[in-house]
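Peer 1: With chain A fixed as given, assemble chain B onto it according to the hints.
Residue numbers (this note's numbering), protein chains in the order written: chain A, 186 to 631; chain B, 186 to 631.
These are calculated hints, taken from the structure and not from any lab test.
Quick caveat: nothing in here was measured; it's all calculated off a predicted structure.
Each pair may be met inside one copy or between any two copies, as identical chains are not told apart.
Calculated cross-link-like contacts (lysine to any residue; reagent style SDA-like; alpha-carbon spacing at most 25 Å):
#1 K398 to G463
#2 K337 to G378
#3 K229 to T505
#4 K212 to N410
#5 K434 to R262
Protein chains: 2
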Amino acid sequence: MRFTDCRNLPLFTDLYELTMAQVYFEKKMDKTAVFNFFIRPNNKRNYFLFAGLDLLIDYLLNLKFTEDDIEFLRSTRKFKEEFLNYLRNFKFTGNLYSVDEGEIVFANEPIIQVEAPIIQAQIIETFLINTIQISILVATKALRCYSVAPDKMLIDFGMRRAHGTDAGMIAARSSYIGGFVGTSNVLAGKEFGIPIYGTMAHSFVMAHDTEEKAFENFASVYPENTIFLIDTYDTLEGVKNAIKVAKKKGIRIKGVRIDSGDLLTLSREVRRLLDINGFRDSIILASGGINEYKIKELVDKKAPIDAFGVGTELVTSADTPYLDCAYKLVEYDGKPKMKLSSKKVTVPYKKQFYRIFRNGKILKDVVSHFDEIVENGVKMLKLYIKDGEVVRRSPPLQEIREKTLINFKTLPDTFKSITQHMTLSPEVSQRLLKSTEELKKAIRGF
Amino acid sequence: MRFTDCRNLPLFTDLYELTMAQVYFEKKMDKTAVFNFFIRPNNKRNYFLFAGLDLLIDYLLNLKFTEDDIEFLRSTRKFKEEFLNYLRNFKFTGNLYSVDEGEIVFANEPIIQVEAPIIQAQIIETFLINTIQISILVATKALRCYSVAPDKMLIDFGMRRAHGTDAGMIAARSSYIGGFVGTSNVLAGKEFGIPIYGTMAHSFVMAHDTEEKAFENFASVYPENTIFLIDTYDTLEGVKNAIKVAKKKGIRIKGVRIDSGDLLTLSREVRRLLDINGFRDSIILASGGINEYKIKELVDKKAPIDAFGVGTELVTSADTPYLDCAYKLVEYDGKPKMKLSSKKVTVPYKKQFYRIFRNGKILKDVVSHFDEIVENGVKMLKLYIKDGEVVRRSPPLQEIREKTLINFKTLPDTFKSITQHMTLSPEVSQRLLKSTEELKKAIRGF
Numbered sequence: 186m187r188f189t190d191c192r193n194l195p196l197f198t199d200l201y202e203l204t205m206a207q208v209y210f211e212k213k214m215d216k217t218a219v220f221n222f223f224i225r226p227n228n229k230r231n232y233f234l235f236a237g238l239d240l241l242i243d244y245l246l247n248l249k250f251t252e253d254d255i256e257f258l259r260s261t262r263k264f265k266e267e268f269l270n271y272l273r274n275f276k277f278t279g280n281l282y283s284v285d286e287g288e289i290v291f292a293n294e295p296i297i298q299v300e301a302p303i304i305q306a307q308i309i310e311t312f313l314i315n316t317i318q319i320s321i322l323v324a325t326k327a328l329r330c331y332s333v334a335p336d337k338m339l340i341d342f343g344m345r346r347a348h349g350t351d352a353g354m355i356a357a358r359s360s361y362i363g364g365f366v367g368t369s370n371v372l373a374g375k376e377f378g379i380p381i382y383g384t385m386a387h388s389f390v391m392a393h394d395t396e397e398k399a400f401e402n403f404a405s406v407y408p409e410n411t412i413f414l415i416d417t418y419d420t421l422e423g424v425k426n427a428i429k430v431a432k433k434k435g436i437r438i439k440g441v442r443i444d445s446g447d448l449l450t451l452s453r454e455v456r457r458l459l460d461i462n463g464f465r466d467s468i469i470l471a472s473g474g475i476n477e478y479k480i481k482e483l484v485d486k487k488a489p490i491d492a493f494g495v496g497t498e499l500v501t502s503a504d505t506p507y508l509d510c511a512y513k514l515v516e517y518d519g520k521p522k523m524k525l526s527s528k529k530v531t532v533p534y535k536k537q538f539y540r541i542f543r544n545g546k547i548l549k550d551v552v553s554h555f556d557e558i559v560e561n562g563v564k565m566l567k568l569y570i571k572d573g574e575v576v577r578r579s580p581p582l583q584e585i586r587e588k589t590l591i592n593f594k595t596l597p598d599t600f601k602s603i604t605q606h607m608t609l610s611p612e613v614s615q616r617l618l619k620s621t622e623e624l625k626k627a628i629r630g631f
Numbered sequence: 186m187r188f189t190d191c192r193n194l195p196l197f198t199d200l201y202e203l204t205m206a207q208v209y210f211e212k213k214m215d216k217t218a219v220f221n222f223f224i225r226p227n228n229k230r231n232y233f234l235f236a237g238l239d240l241l242i243d244y245l246l247n248l249k250f251t252e253d254d255i256e257f258l259r260s261t262r263k264f265k266e267e268f269l270n271y272l273r274n275f276k277f278t279g280n281l282y283s284v285d286e287g288e289i290v291f292a293n294e295p296i297i298q299v300e301a302p303i304i305q306a307q308i309i310e311t312f313l314i315n316t317i318q319i320s321i322l323v324a325t326k327a328l329r330c331y332s333v334a335p336d337k338m339l340i341d342f343g344m345r346r347a348h349g350t351d352a353g354m355i356a357a358r359s360s361y362i363g364g365f366v367g368t369s370n371v372l373a374g375k376e377f378g379i380p381i382y383g384t385m386a387h388s389f390v391m392a393h394d395t396e397e398k399a400f401e402n403f404a405s406v407y408p409e410n411t412i413f414l415i416d417t418y419d420t421l422e423g424v425k426n427a428i429k430v431a432k433k434k435g436i437r438i439k440g441v442r443i444d445s446g447d448l449l450t451l452s453r454e455v456r457r458l459l460d461i462n463g464f465r466d467s468i469i470l471a472s473g474g475i476n477e478y479k480i481k482e483l484v485d486k487k488a489p490i491d492a493f494g495v496g497t498e499l500v501t502s503a504d505t506p507y508l509d510c511a512y513k514l515v516e517y518d519g520k521p522k523m524k525l526s527s528k529k530v531t532v533p534y535k536k537q538f539y540r541i542f543r544n545g546k547i548l549k550d551v552v553s554h555f556d557e558i559v560e561n562g563v564k565m566l567k568l569y570i571k572d573g574e575v576v577r578r579s580p581p582l583q584e585i586r587e588k589t590l591i592n593f594k595t596l597p598d599t600f601k602s603i604t605q606h607m608t609l610s611p612e613v614s615q616r617l618l619k620s621t622e623e624l625k626k627a628i629r630g631f
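So here's chain A without its partners, still in its complex pose:
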């Protein structure tokens, strides 16, 4: 059973996608629709790191209603046989444009563009938003952690507090893309090839009669590779026990982990004790309620911490646990479409967007008509699926991760703050602006 097998999830969709589909089917509305996925402004995020595309592509390629699915739909009495027959042969035959994973993007940019017969474009909506939102959410949080501590090892320790198993997997993948070095999630190691890390748990220490005995047992199985968890009873006694065991057994202390207490004070004292005992190469790993704000504070105060295990706050993006994002119809059958309900006006038309750099830094982004050329602009939307066939895929995660770190260097420093809100709003090209204004007048009738 592969994790990705679970991704043939045609019924992982809102009911209205299927009921609307039946109307389109009966009314023979089978023309091409264009949908844009974008993120609305978020005052706690200056930028977003795009991730999750490869999971979406897997879903699109595997999408197929099974007989079991059809049977369930029949049992709801909401669907007619003709439509159920249509679903039997349903597959995604459209085009998928997307920015590359590992790109930095901003609010109101068309990050993903789907161009497909309208039924297809609708049925995939729920999964698309679901998977892309959490992927970007965690990737962005991870990059914020990386941004304040690029020289530290950051490890995803969040799977147990992620919202379900899928989130645990996506969090591992997204945080790796966002600059983390690995994860504690073994399945993510298997499925995604992400480096896996682990130390020991308090329960392990507690299961033994003494901390010293626990350390001895662990170190005898992993003599080269033990990170001792030293805060089960008393952190400073804990590090002394680790040193005692290492000296007695003649082994190295790969590192120690502190999971509670005043990390600044404790890490300094622990470092001192390790150093005076000759364990200068042993690392200190801190965990427990870590986020980018705490990492920054500890880094600013020069806490001698080499690695952070970031868990709950990373995987739930606790300071902003969701992105207001949308997947909006912008064209149907060649006609531009826009919504005018209060505060949620969308920009119509099939689009492209361009990034313009100056001195290696992002100067501005320009959202345009799809066929426009913006001078000196780098095209951000690339064709990944053409007529249902993959024509481009995300590179291996390691490469995406490297690309992220290169892309991050192009982000102007003003946007890198984790506390001050300062972001880039994409320009809309003159031509797109004009067509949009004209359409707005036409809809409003004045």
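Peer 2: Relative to the frame of chain A, chain B by itself:
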């Protein structure tokens, strides 16, 4: 492919669970451990609704390392052949005690108790916390929504903003347990038998040349069953269009949905227009950024809204996106265990907990030794799995839901506030208190 098939996820575990397991294996530490799962105090939640147990039981029953899993573990070079062989035959053979799904619980109560050979009890930790945490998180949020609007229809519209597919499924299940009437999630309808609901999307209206045409098309396919989305362009024009179409076609308006704008003012005017046109039975469904606080405000102001679609805020539990919860070793090989690191002291010993009622309301909860009898107390922990075999299961979801609503009536009114923090702290029995104090002294050595 069934959703639950994806739950054979033995590698969905933190690496340290497996490395510790190898140490236990090599050192022949195969005695029984007892772990307690509990939630730490949360100042935004006065109570928690327990859910997710049946998913955990499925996982425990299906847990098996495949040859593919073993091969991956071998490739990490962290495990020896003897241990990998042991994993080949790994299954859960322990006991699982739990409160029933649909019970109201409080912080610091041992909600789940696992009693198993220590390797087993550790390997299941990650999945247990992962699945139970999100299940309780959403169930609790749902019950808070229900608590302020018990006479309204509440529907889960959150799957697209849930953190991944698993969270989307769990959110549907948990919100139903928490008093919702159903979900938009079709797969949750199939897998869990939850009633499914849907209306139409803005894109559907926009795909047509006019709103009127969109309404006509939809209503002609579902003449008895259409909820018109009326805010794509202008809400009041929208309801007029719905009325026009219904009159022209001689059909009923099952309802209208408003997804934006000032819901109080709009719902009043929409109600008036429906009523004067003879559509007194048509319901008004509100959606868009709904949470328990907004529902309460609208209910308090007597907004004529019959149903709420609750999405993002429900499935991410946005005001408190995670529960600080833990799975702690309390006994190993018959010996009590406790951790003393700062601020995280745990209560040792295998436990039971009792609920004492007065006049049909919860008076207090008492946490005790497992074999204690608390007079007039109702035993909360029940045996679900005995020696690896299921001896009790959660009833059908519909029954759990009914039980939740009965249990909710036993909650003292003071705890029902969604804004004032007032909760119940379980008492620790005199005997358990005394044993704990003695153990603390013994560990500290004074």
